[in-house]
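Engineer: Produce the complete structure using the sequences and hints provided.
Heads up: the protein sequence lines correspond to chains R and L, in order.
So for the first sequence, our numbering puts the first residue at 1; every next one is plus one.
So for the second sequence, our numbering puts the first residue at 1; every next one is plus one.
Accuracy of the hints is not assured; some may be wrong.
Stated by the list, open to error - Short derived list, chain R residues pointing at chain L, Cβ under 8 Å:
no.	residue
1	145
2	158
3	159
4	166
5	173
6	180
7	189
8	238
Hint data in this document are derived by calculation from the structure and do not stem from the laboratory.
Ideal Cβ positions, reconstructed from N, Cα and C, are used throughout, including at glycine.
Each chain, letter by letter, is given below.
Number of protein chains: 2
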Amino acid sequence: MIIGFIGFGKVSQNLIKLIKSEDILFITSAQNRSPKTIENIKQSDVEVLDSFKEVAIKSDILISANSPASALNVSKKYGKYAKGIYLDLNNISPDTTMKINEHVENLIDGAVIGKIDSTNPILYVAGKKAEELSFLNEFIQIKVISEKIGDVSLLKLLRSTYTKTLSALLIESSNLAEGYGLEEEFFDILTLTEGETFREKSKSRIANTLNSKKRKSEELDEIINYFDSDDLIMVKAALERLSQ
Amino acid sequence: MIIGFIGFGKVSQNLIKLIKSEDILFITSAQNRSPKTIENIKQSDVEVLDSFKEVAIKSDILISANSPASALNVSKKYGKYAKGIYLDLNNISPDTTMKINEHVENLIDGAVIGKIDSTNPILYVAGKKAEELSFLNEFIQIKVISEKIGDVSLLKLLRSTYTKTLSALLIESSNLAEGYGLEEEFFDILTLTEGETFREKSKSRIANTLNSKKRKSEELDEIINYFDSDDLIMVKAALERLSQ
Numbered sequence: 001m002i003i004g005f006i007g008f009g010k011v012s013q014n015l016i017k018l019i020k021s022e023d024i025l026f027i028t029s030a031q032n033r034s035p036k037t038i039e040n041i042k043q044s045d046v047e048v049l050d051s052f053k054e055v056a057i058k059s060d061i062l063i064s065a066n067s068p069a070s071a072l073n074v075s076k077k078y079g080k081y082a083k084g085i086y087l088d089l090n091n092i093s094p095d096t097t098m099k100i101n102e103h104v105e106n107l108i109d110g111a112v113i114g115k116i117d118s119t120n121p122i123l124y125v126a127g128k129k130a131e132e133l134s135f136l137n138e139f140i141q142i143k144v145i146s147e148k149i150g151d152v153s154l155l156k157l158l159r160s161t162y163t164k165t166l167s168a169l170l171i172e173s174s175n176l177a178e179g180y181g182l183e184e185e186f187f188d189i190l191t192l193t194e195g196e197t198f199r200e201k202s203k204s205r206i207a208n209t210l211n212s213k214k215r216k217s218e219e220l221d222e223i224i225n226y227f228d229s230d231d232l233i234m235v236k237a238a239l240e241r242l243s244q
Numbered sequence: 001m002i003i004g005f006i007g008f009g010k011v012s013q014n015l016i017k018l019i020k021s022e023d024i025l026f027i028t029s030a031q032n033r034s035p036k037t038i039e040n041i042k043q044s045d046v047e048v049l050d051s052f053k054e055v056a057i058k059s060d061i062l063i064s065a066n067s068p069a070s071a072l073n074v075s076k077k078y079g080k081y082a083k084g085i086y087l088d089l090n091n092i093s094p095d096t097t098m099k100i101n102e103h104v105e106n107l108i109d110g111a112v113i114g115k116i117d118s119t120n121p122i123l124y125v126a127g128k129k130a131e132e133l134s135f136l137n138e139f140i141q142i143k144v145i146s147e148k149i150g151d152v153s154l155l156k157l158l159r160s161t162y163t164k165t166l167s168a169l170l171i172e173s174s175n176l177a178e179g180y181g182l183e184e185e186f187f188d189i190l191t192l193t194e195g196e197t198f199r200e201k202s203k204s205r206i207a208n209t210l211n212s213k214k215r216k217s218e219e220l221d222e223i224i225n226y227f228d229s230d231d232l233i234m235v236k237a238a239l240e241r242l243s244q
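Structural biologist: Here it is in C-alpha cells:
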C-alpha cells in the first residue's frame with residue numbers, strides 16, 4: 001500500500017507520524033517545493049520521487065493537502081494520473097469540491113477535524129469509496145459521513161454557520177454587559193449553565209474574531225453566498241455585527 | 001432572627017428546607033391564599049400569622065416570592081411595614097425592581113440561579129444591605145453582585161440576551177443542516193468543540209423555544225425595549241427568526 005502526498009505541510013507530516021505501519025509506504029516529491037518544505041520532507045519518513053506526476057501514478061491513495069487556493073489546480077494537473085483513491089484534505093467550499101470531482105475518478109472529500117497534532121484528530125470522509133479508508137481507523141479515527149461528494153465540506157460550512165455566528169453573539173452580549181460593569185458577572189452566571197470552560201472559550205472566540213474581523217466577515221459572506229438562502233437571518237446579523 | 005414569606009410557592013418552600021437553623025424562625029400567613037398554598041404551608045416548618053401585615057412587621061428579613069405580575073403590588077402594600085431587609089426574589093425586570101425600590105426601605109434585589117430544588121442553587125443579591133445576607137452562606141451559596149439595586153435583574157436580562165439568541169441560532173443552523181440531511185452529523189461535529197452535552201442541551205433548547213415561541217418572542221421584545229439600543233443586532237435577528 002502506497003500513500004502519496006501532494007503538499008507537505010502540517011497535515012501531511014502529522015498523518016505520517018500517526019500512520020505507523022510496515023505495510024504502508026509514503027511518497028511525495030520535492031518538485032518546485034520551498035526550502036522549508038524540503039526540510040520538512042527530509043525530517044519525515046517519506047520516499048521522495050522526481051515528480052508529482054510519478055507520485056500520482058504510483059499511489060494507492062493520493063492525498064492532496066495544499067492551500068485552499070491551489071486545491072483545484074492540483075486536481076486538474078494530477079487527478080488524471082491517480083488510479084486509486086484521491087483524498088482531498090484542503091479547506092475548501094462544497095462548490096470547489098464539486099469542481100475537483102470533475103477532474104478526479106475516485107474522489108474522497110475529507111477533512112481533519114480537531115487539531116491534526118493533537119492526540120485525537122478525526123478524519124471525516126465522504127464519497128463512494130470512503131468506506132475503503134476504514135482500515136486507517138487503527139491509526140486515526142475515520143468518520144464516514146456519506147457516499148456523497150461534498151458532504152464533508154458542506155458539514156464544515158454548517159459548523160462555521162454556528163460557530164462564527166456564536167462569536168458575533170458573544171461579542172454583542174458581552175459588550176452589553178460590559179457597558180453596565182457586569183461583564184465578569186455575565187460570564188460567571190452563564191458558566192453555571194454553559195459549563196466550566198465557557199468563560200475561557202468565549203473570551204478566546206471573541207478575541208479571535210476581533211483580531212481577524214475582515215477574514216471572519218469574508219467567511220460569513222461566503223456562507224451567505226453559498227446557501228443563498230433568505231433563511232439565514234442570524235448569519236446575516238452576525239455579518240452586520242462584525243461590520244460595526 | 002425571623003424570616004417572613006409573602007408568597008409560598010416552590011422558592012419559599014425550598015428555602016425553608018435549605019435553611020435549617022435553630023436560630024431562625026420562619027413565618028408567613030394564609031390570608032387569602034389558595035387551598036393548595038395552604039396545604040404547602042401546613043407541610044412546611046413555618047409559623048402562620050393572621051395577616052401579611054403582621055408578617056411584614058415581625059420579619060427581620062421579609063422575602064417576596066410571588067408571580068412577576070404581583071411583585072410591585074406586594075411592595076406597595078407591605079413594603080412600608082418592613083423595617084428589616086426586604087428581599088425581592090420575583091422574576092422581574094430591572095424597571096420593576098426600581099419601582100419596587102420606591103416603596104421599600106432596605107430592598108435587596110435577588111434571584112435564585114439554578115434550580116431551587118437542586119443541590120446547589122445560588123442566591124444572587126444586590127443592594128446596600130446585600131452583604132448582610134452572607135450569614136446564609138452556611139445553607140445556600142450567596143453571591144453578592146453589587147450594592148446597586150437592579151443589578152441582579154439586569155444580570156438575568158443580560159443572560160437572557162445570550163441564551164434566547166443562542167436558541168434562535170441553534171434553530172437556524174440545525175434547520176439548515178436538516179435540509180441537507182446532515183442534522184445529526186452537525187450535532188456530532190459540534191460536540192467535538194462544544195462539549196459532550198451539546199447535542200442534548202441544544203435539542204432541549206430548540207424544543208423549549210419552539211414550544212413557547214410566543215412567550216420567547218415577548219421576552220426578546222422586552223429585552224430589546226429595555227436596552228433600547230441600536231446595538232442589539234443579534235437579539236433583533238433572534239426575534240425575527242422566531243417570527244418565521
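Engineer: Evaluate each hint against the coordinates.
Structural biologist: Status of the hints after comparison with the structure:
For residue 145(R), the interface hint holds, the least distance from its beta-carbon to any beta-carbon of chain L being 6 Å, beneath 8 Å. Annotation: interface hint on residue 158(R) holds; nearest CB of chain L at approximately 5 Å, less than 8 Å. Hint status for residue 159(R) relative to chain L: holds, with the closest Cβ pair at about 5 Å, below 8 Å. For the restraint placing residue 166(R) at the interface with chain L, the shortest Cβ-Cβ distance is roughly 6 Å, inside the 8 Å limit, so the hint holds.
For residue 173(R), the shortest C-beta to C-beta distance to chain L is roughly 4 Å, which falls under 8 Å, so the interface hint holds. This hint holds: residue 180(R) has a C-beta 6 Å from the nearest C-beta of chain L, less than the 8 Å allowed. Because the beta carbon of residue 189(R) sits about 5 Å from the nearest beta carbon in chain L, less than 8 Å, this interface hint is met. The closest approach between the C-beta of residue 238(R) and any C-beta of chain L is roughly 7 Å, which is under the 8 Å cut-off, so the hint is satisfied.
Going through the hint list in order, the structure satisfies each hint without exception.
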